[in-house]
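Which chain is which? The protein sequence lines are A and B, in order. Oh and the first sequence: position 104 is 103 in numbering that gives the first Met the number 0, straight run, nothing missing. Oh and the second sequence: position 32 is 31 in numbering that gives the first Met the number 0, straight run, nothing missing.
Since the hints were made in silico from the structure, they are not lab data. A couple of the hints might just be wrong.
Listed next, the in silico SDA-like pairs over lysine to any residue satisfying Cα-Cα at most 20 Å (straight line) [to be verified]:
no.	chain 1	residue 1	chain 2	residue 2
1	B	Lys3	B	Gln18
2	B	Lys49	A	Thr72
3	B	Lys49	A	Ile77
4	A	Lys69	B	Val58
5	B	Lys3	A	Thr2
6	B	Lys39	B	Gly55
7	B	Lys39	A	Lys69
8	A	Lys69	B	Gly26
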Amino acid sequence: MCTNERLAWVCLVSIAVVYIPYFSFLTYSIQTSNVPPPLGVVTIAFVGAIIAQIFITGIPAAIVGILDRKQVTDERDITIRHKASTLAYVCLISCVLILVTGGSLLRPMFPLLGDGVFIGQLGLLCVVISELANYGVQVFEYRRTA
Amino acid sequence: MPIKNSVRRCRFDADEMTQQQLADRLGVSRQTIVSIESGKYQPSLELAFKLAQTFGKRVDEIFVFVDGENL
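So that you can see chain A by itself, here it is in the shape it has in the complex:
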């Protein structure tokens, strides 16, 4: 397994480990009270998620970097990253379009879609999904061509 593949694994796992509990917490809060949690709670949870991600990503990435000092980024890595980022952009744009159109069409049925905090979290979910797609494709491509 090359350095860049290890780093892709680290990023993929860290995003999953941090944001699955984060969005589970938000979903649970909305289900129990039928309203999104207050902005203060969401902000604390978000800052906590960011700090957790910095540690979960940063420490293993530093260890990988120290162990593989001779790391080389070659054309295969660039090809894989290009493929992954293209798919991630498509994923992000699709999610945002679904959010914008769905949000405006379904707003009368789901009043939550008028809440700024809720929409902000859905926007964050779009970014997280696209990042998962980015690193997921990288890992898949590295495994496929290994």
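The hints should help you fit chain B onto chain A, whose structure is shown.
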């Protein structure tokens, strides 16, 4: 993959050069050499020419296009 290559054979002929030695010469990772040899990754033209130059051969001596009729 329709393009076959004889990189492994060329390494063997070049005093059993290791994958790491070849990777260092070409400035790529060993995993990339592994992928090329197994036919799972097709290198760019630039890398194909560098490979050919390393072994003192022509590109078409190392990489061969195998279409359906010639399989």
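Here is what the structure says about each hint:
no., hint, result
1, B:Lys3 with B:Gln18, "holds, 18 Å"
2, B:Lys49 with A:Thr72, "holds, 17 Å"
3, B:Lys49 with A:Ile77, "holds, 18 Å"
4, A:Lys69 with B:Val58, "violated, 29 Å"
5, B:Lys3 with A:Thr2, "violated, 27 Å"
6, B:Lys39 with B:Gly55, "violated, 24 Å"
7, B:Lys39 with A:Lys69, "violated, 24 Å"
8, A:Lys69 with B:Gly26, "holds, 11 Å"
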